[in-house]
Each structure stands twice: as C-alpha cells, then as structure tokens.
Amino acid sequence: QISQEDINKLLKFTAVPLPGASWFQLPIFAPIHFSPLKWLQSGDLPSLSDAYYTYRPTLNPLDWVPPYKMYGILVDSNNFYTFDRKYYNFKGACSYVLAQDFVDGNFSLIVNPE
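Residue 1 is where the sequence shown starts when you use the UniProt record's numbering, and the numbers rise one by one after that.
Derived by calculation from the structure, the hints in this document are not laboratory data.
Owing to the predicted nature of the structure, the values given are computational and were not obtained by experimental measurement.
Cβ coordinates follow ideal geometry from the N, Cα and C atoms, glycine included.
Treat the hints loosely; a few may be bogus.
Listed below are the simulated SDA-like cross-link pairs for lysine to any residue, each with C-alpha atoms no more than 20 Å apart in a straight line [stated by the list, open to error]:
| # | residue 1 | residue 2 |
| --- | --- | --- |
| 1 | K69 | F80 |
| 2 | K91 | L74 |
| 3 | K69 | P57 |
| 4 | K86 | L98 |
| 5 | K69 | T54 |
| 6 | K69 | T58 |
| 7 | K91 | E114 |
| 8 | K86 | Q100 |
| 9 | K86 | Y96 |
| 10 | K69 | S108 |
| 11 | K86 | V97 |
| 12 | K86 | I110 |
| 13 | K91 | N112 |
The calculated label-pair distances, taken between Cβ atoms and stated as ranges, are [claimed, not checked]:
| # | residue 1 | residue 2 | range |
| --- | --- | --- | --- |
| 14 | S35 | C94 | 46 to 52 Å |
| 15 | L109 | S42 | 41 to 47 Å |
| 16 | E114 | Y87 | 17 to 23 Å |
| 17 | V65 | E114 | 35 to 41 Å |
| 18 | P66 | F90 | 22 to 28 Å |
| 19 | N112 | D84 | 22 to 28 Å |
| 20 | V65 | A99 | 16 to 22 Å |
| 21 | P36 | S95 | 43 to 49 Å |
| 22 | G105 | S49 | 42 to 48 Å |
| 23 | Y68 | C94 | 24 to 30 Å |
| 24 | L109 | D63 | 19 to 25 Å |
| 25 | S42 | D84 | 26 to 32 Å |
| 26 | S35 | L59 | 37 to 43 Å |
| 27 | H33 | F102 | 48 to 54 Å |
The task is simple: from the sequences and hints, build the whole structure.
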C-alpha cells in the first residue's frame, strides 16, 4: 500500500511564489446595450418599397424556368462574382472550373491563375 509520504516523495511538489491578486482578478467587460426599438428608429432599415423592389418576383414567365437570366463576372484571374451574386477571391495556383454544362458536356469555363 502506498502512503501519502510516498506520493509526496514521488511527485516532489515545490511552491512557486506568485502574486495572489493575479489569480483572483477577473477580466473587465464593458456592458453592451442593445435596444431593438432604438435600432428600428435609427433608420438603418430599408424602406418597404426598397425591400419590395429588391425581392419581388418577376412577372415574365420565361424567367421562372431554365435557362435563367444570370451572369457571373471574372474581374481578374483571382476575383470572381458567381451567378448567385457571391464574391470569391482565390489565390491558389490550381485551375478552377467556373461554369460547366452537365447535360451534354459541350461547354466549360476554366480559369488558370498565373
């Protein structure tokens, strides 16, 4: 059976002097106040007409079925705007497939950054 003295001899604890205040000092956080009512009154929200014209569905039935009227932009060899209006910045040295025809495979758009 191992006694407490044997454990103390094996582990050999030593006391390291540290300032006591640093152990119990909590970080200081600044209070954050958020008021939804003041946020609504600030005018940062789009107007109802702006929201409607941004997200309204088109009335042309040809826009409801593929092929859709979309476009992507290649700014230079590293900056892309996709068909769904997302921005990507690739700084790799490999090739990227930007667009491809998956129906019969007769079209693909590939970029090779230099």
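* Asked: Where does the structure disagree with the numbered hints, that is, which hint numbers, in rising order?
  -> none
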